[in-house]
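**Student:** Taken in sequence, the protein lines are chains G and V. Under the working numbering, the first residue of the first sequence is numbered 1, with each subsequent residue one higher. Under the working numbering, the first residue of the second sequence is numbered 1, with each subsequent residue one higher.
Accuracy of the hints is not assured; some may be wrong.
Said to hold, decoys possible - The calculated DSSO-like cross-link candidates involving lysine-lysine, where the alpha carbons are at most 27 Å apart (straight line), are:
no.: 1; chain 1: V; residue 1: Lys97; chain 2: G; residue 2: Lys106
no.: 2; chain 1: G; residue 1: Lys204; chain 2: V; residue 2: Lys154
no.: 3; chain 1: G; residue 1: Lys204; chain 2: V; residue 2: Lys97
no.: 4; chain 1: G; residue 1: Lys197; chain 2: V; residue 2: Lys116
no.: 5; chain 1: V; residue 1: Lys154; chain 2: V; residue 2: Lys351
Hints are computed from structural coordinates only; laboratory data are not their basis.
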Amino acid sequence: MCAALNEKPGADVLPVSSGASALLNGRYLPPPEDGDGKLWIRTSVIIQAEAGELHGMWSDVESAPQWQEAIEAVTKTGERTSHWVMKFGDKTIEWDSEVLADEPGKRIAWRSIGGASENAGEVMFEEAPGGRGTMVTVLQEFRMGKLASAWETLVGRNPKQAIIENLRHFKALAETGEIPRSQQSPAGPRGWIGGIKRSLYGEKIATPEGTNQPLTQS
Amino acid sequence: MKAVCWMGTSKIETLTVPDPELLNPRDAIIKITRTAICGSDLHLYDGFIPTMEAGDIMGHEFMGLVEEVGPGVKNLKRGDRVVIPFTIACGNCLFCKKKLWSACDNSNPNAHLMEKAYGYSGSGLFGYSHMMGGYAGGQAQYVRVPFADVGPLKIESDLPDEKVLFLSDIFPTGYMAAENAQIQPGDTVAVWGCGPVGQFAIASAFMLGAARVIAIDRLPERLELARSYGAITVDYSEDDVKVLTALKDLTGGVGPDACIDAVGMEAHMGDLQGLYDTVKVALMMETDRAGVLRQAIQAVRKGGTLSVPGVYGGLLDKVPFGAAFGKGITMKMGQTNMHNYMQPLLERIEKGQIDPSSIISHRISLDEAPEMYKIWRDKKENVTKIVIDPWKERSAS
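Just chain G, same shape as in the assembly (with noise of 0.2 Å):
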């Protein structure tokens, strides 16, 4: 299950099946389940967007902190390499990516190649039953580390629901080009039970800019 977490990059001959998919030959397959200290999340959505540009904008991951959540920043250092830069509060946590396996329009699968998080992640691209937009299937792979401890303790999102967040956020920004986010709700301070409410509600993780469009008067 999930070869395509474990492909070398350039590998000659990539998997039939993409190891994000809730299909196998006809029949539904359930996400992996968590264990040996790894958890697992898979999640999708429908987005009225053709599927190469959505894998465009998947890909280009210098501009990933327009829409995931507590990413400050992402350089691109090679043909396939990443650094990440996740920061909350005066906490900060950097690891370095490489993909796996890219299929224009149709899937992106990477893994973490050291640094404080360790992670691997598939998301596929694929024409919705019916025409209706393209469905966006994104499988990620974590082990409990630093990263879900912090995460948890910080943002206060677990990191299963930080996948589902980044990808309801991806869904936003390529539909709408703006993420939804409220403000003063409450118009005054909200006290201390407030602030675990705030948390609870998942209100205390800054919503990502969505976009660099200043808002100037038009």
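With chain G's structure known, arrange chain V on it following the hints.
**Tutor:** Coordinates of chain V only, in the frame set by chain G:
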């Protein structure tokens, strides 16, 4: 600016708060000229809706003048007069494209909270709890409107604010209730609850061809208003009045072709940790109040339709599903797909087919809002609808 803030159960205060700002390219800031208190705001006032925080700005029925627009809003300019729909919709997602605007995928920043309770999240709403998006509401002097290139309805004519204000929620909500009732010409329609939504459902049922509308409530001022819209009324609080018998008597024993439950359960449900008790209390209230739905299922004729604009939030107890199946009834419900109705209903107002301002009983300032919440909740002073002028000083009385 001044704003009406929720400060806890049965605690509303008018406070001075920071002005809203543009946050996204498709935002607009609206200077509010008229706003209203909705019956559903009373659910917040009574503390039935989880994920409200002290200081949240109330209000989802409002209109005003465009003050400022983001770079993504090309169809509005400063000074335009607009009515804002209470459901926020992006216009781009699968659901908006299907015209199911209140199911928008992209307008609730806190969609994960709704997903836990409902499986999927509906659209964001103004001033209606954090699980509905945490958007600041419009019982204020200014408001930020997201996706302002999609929702706001421009008012080009010189109709006064009060005639078009209710295009923001209750008129389309009443109209969609009548549309969901699948009314055929000559039908008899029964409407439970003669608050503002019920009144507009009555008026809309006639617009869609109903021959007779039967309105059910207990408050004299509401029943009188219903009669003014052409309904015949049943006061269920009177001795010897049994609603099911009354509906049989008034339909030759057949039952109404369509029943509209404009009462609802008065509570939403969420399954958040730490809010368990709130939810539990809310659910018990709901269970107590399933009466209208049960009665409507009993009352509707064989093969008839049940339309539910009243708000339900959680799990219902003892729903007579056998009766629903046995009679082969259709049920339609949900938050209003506002954007489908605003323009056509504006045209009806412009043609003089209806004057929505006739339901207004009270006109107040922002400072008077806290006491009016209490008066309305307690059903005093014959309140039918409260409209706020956010720029008016507290009246001398």
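**Student:** Confirm or reject each hint.
**Tutor:** Here's how the hints hold up against the structure:
no., hint, in the structure
1, V/Lys97 to G/Lys106, "holds (25 Å)"
2, G/Lys204 to V/Lys154, "violated (36 Å)"
3, G/Lys204 to V/Lys97, "violated (32 Å)"
4, G/Lys197 to V/Lys116, "holds (16 Å)"
5, V/Lys154 to V/Lys351, "holds (17 Å)"
In terms of the numbered hints stated before, the structure departs from hints 2, 3, listed from lowest to highest.
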